[in-house]
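Engineer: Letter by letter, the chains look like this.
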Amino acid sequence: MACQSSAVHAGIYHYDELDRRFLAERVAQFRRQVARRLAGELSEEEFRPLRLMNGLYLQLHAYMLRIAIPYGVLGSHQLRQLALIGRRYDRGYGHFTTRQNLQFNWIKLVDVPDILTELAGVDMHSIQTSGNCIRNVTTDQFAGAAADEIVDPRVYAEIMRQWSTLHPEFTFLPRKFKIAITGSPCDRAAVAIHDVGLRAKLGADGAIGFAVLVGGGLGRSPFLAKPLREWVAEPDLLAYLEAILRVYNQYGRRDNIYKARIKILVHEIGIEAMRAQVEAEFERINGPRYRLDAAIVASIRSHFAPPPFTAQHERSGGFERECASDPDFARWTRVNVTTHKQPDYVSVTVSLKPSGGIPGDVTSGQMEAMADLADRFSFGELRVSHEQNLVLAHVRRDDLYLLWQELGRHCLDTANAGLVSDIIACPGLDYCALANARAIPLAREISLRFADIDRQHRIGELKIKMSGCINACGHHHVGHIGILGVDKQGIEYYQITIGGDASENPALGQVIGPAVGYGEVVGLIERLIELYLERREAGERFIDTVARIGIRPFKEKVYGAAA
Amino acid sequence: MALLLKDGEAVCDPWAMCGDDDTALPDGPAIVSLERWHRDRSLLSARNAPLGVRMKSHQLADEIAGDLDRFGLVVLEFPKFRDGRPFSTARALREHHGFTGEIRACGHVIPDQYQFLIRTGFNSVEVASSAKMDSWKLALHEITIAYQGGILDEAPLSMLRRKLEFGSATKR
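As given, the protein sequences belong to chains A and B, one line each in that order. Just so you know, we're using the numbering used here here: the first sequence kicks off at 1 and counts up by one. Just so you know, we're using the numbering used here here: the second sequence kicks off at 1001 and counts up by one.
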């Protein structure tokens, strides 16, 4: 396909004839199902599970289509196609989610088979973005680029994607199942809040293996995942996952959907009993049939070969000069640029959180601009982060100034990655059928209150995460400041937690006091930050200060000493 | 009245399902619940005609592992199609316990699960007589690629992806 030529070096899994045939068959199958539904042969009740298996939800106002972006990696041709779909079938924009996926919120059922055909044209789909199955595997947005990376997690994320695709045994689990993998000691994939978290690492002999965590998750009963096994060797990865999934499929609760996730099973039987059952199952199935062949790993790894970096023998000094002459640029590079394995390259976080904007929303025009910039500056490849931003993973340091200027033309140059206005927010009551409260308008108000970018930089790293209901799609439990929307007799209230952390030192936030009304949230956050600025010691981030002084001073600041 | 499907075709069902009361079993092939098997084990063991056992979705493979040589048929019941436990039970019967008899799905199953059933070790499905046969036939061949090993694959997991061959392979 001609449109793919620009992304030939993109670190994506490049489909072959068998992959394309599979996808074409799957689209044809859904086209027939939709036709039967539209003809009245299928009731909504019968159709529901079929559409959910293709990522199609019925929301408050319209159908929502959730498109899988496997482990958050996209070729520029794929992003262009998403832009086209947004323009042709939606309202000219899309929404990136904490699951590294893209959602279109204004879809017509009759168009869905055509949309899936357009997606299949660029090797994309919406399979398993919903339903009680193994969902899109997520990972570090800097995979294959980060200076601190030990193992490239994309290789294993792709292997797990393939292995889990229409898995015959694990497509009707008690509940959904999310796997996240990191290959760096610094965990940017939040593996501890997933059903299974994998930390890829190297053994003493240089062999690749995985530490496996199980039973993490947020929602109404948040749990951090517990260590299940310190070391699973690469050839055993799929057998070990099969063992976990089989134990879960057989023993996970099915009597109450709120208790059906694997975290509840682990909590109820205890991690030791869980380990004993998984090990027994693993012992039984760990034969050659399930062994992950080194040849398969090598063949998948070849899709993620490093792009042709150009080595620079001496530094031009251009970057330093541009930083010195343009303080706005220098400020942007301080938070939106991450160190790369290659000293002449960096990874760039493109903020989708402009002042007063909707977190994660991108217009079709911005998608096309990003695709063009990816072609010019990053080998035709992009990433979606779970923090709802885009990433250009491989940008030459000397190109940064030009890239930043180009981003500015499309309002994509906000210098706030990791700062107070880089808010994660779920769609909330503006779209979602489950929500109790609005999240988007509140995120916009917080963002506007802290619009002064210099002030944000003085405050430093502060991750606000917000969910419009207890299901916690906005990861509020692990926000440095977490905001949870609740409904009290038809009125929106917000419960505030502090001290949550999604990193390699994961922690669940603690509630600081009674929920407050919509109009009080911004002021409350202002007071939390005021106290932090009063009390912080040199080099301390907001959560470091919370960890040192505890939540009581924050509570008193917000609710008064009597609290 | 239910229809029995094998390889996408309706076939004659030689098996008779028996209740949990003390009524004598018919002379031909008969299916009893796991509860009745536990209760009347010695009596049922003395029979010459083929015996089948019917298990609910929470009754797992290990519960009959020791008795499998007595059974020519294991019927696994789906109380609702979303209850996926029987997929694991079937697979365990085949892979862990080497069961080579017939494994049948009954209860609430939908055509979209047909390939999954076969690939986890089922070889027949009981459907309502009102079921749309076209949908079931189509479901068998709608998708021809699988990304992971199934029960039908003799070879080790040397490839993640393979072309599926349904039909003869399901006639165990």
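A couple of the hints might just be wrong.
Going by beta-carbon spacing under 10 Å, a handful of chain A positions derived as facing chain B [claimed, not checked]:
1. 26
2. 163
3. 246
4. 251
Bear in mind the hints are in silico, worked out from the structure with no lab data behind them. All of these numbers come straight from a predicted model, not from anything done at the bench. Ideal Cβ positions, reconstructed from N, Cα and C, are used throughout, including at glycine.
Engineer: Run every hint past the structure and note whether it holds.
Structural biologist: So, going through the hints one by one against the coordinates:
no.: 1; hint: 26; result: 6 Å, holds
no.: 2; hint: 163; result: 5 Å, holds
no.: 3; hint: 246; result: 5 Å, holds
no.: 4; hint: 251; result: 9 Å, holds
Taken one by one, the earlier hints all hold for this structure without exception.
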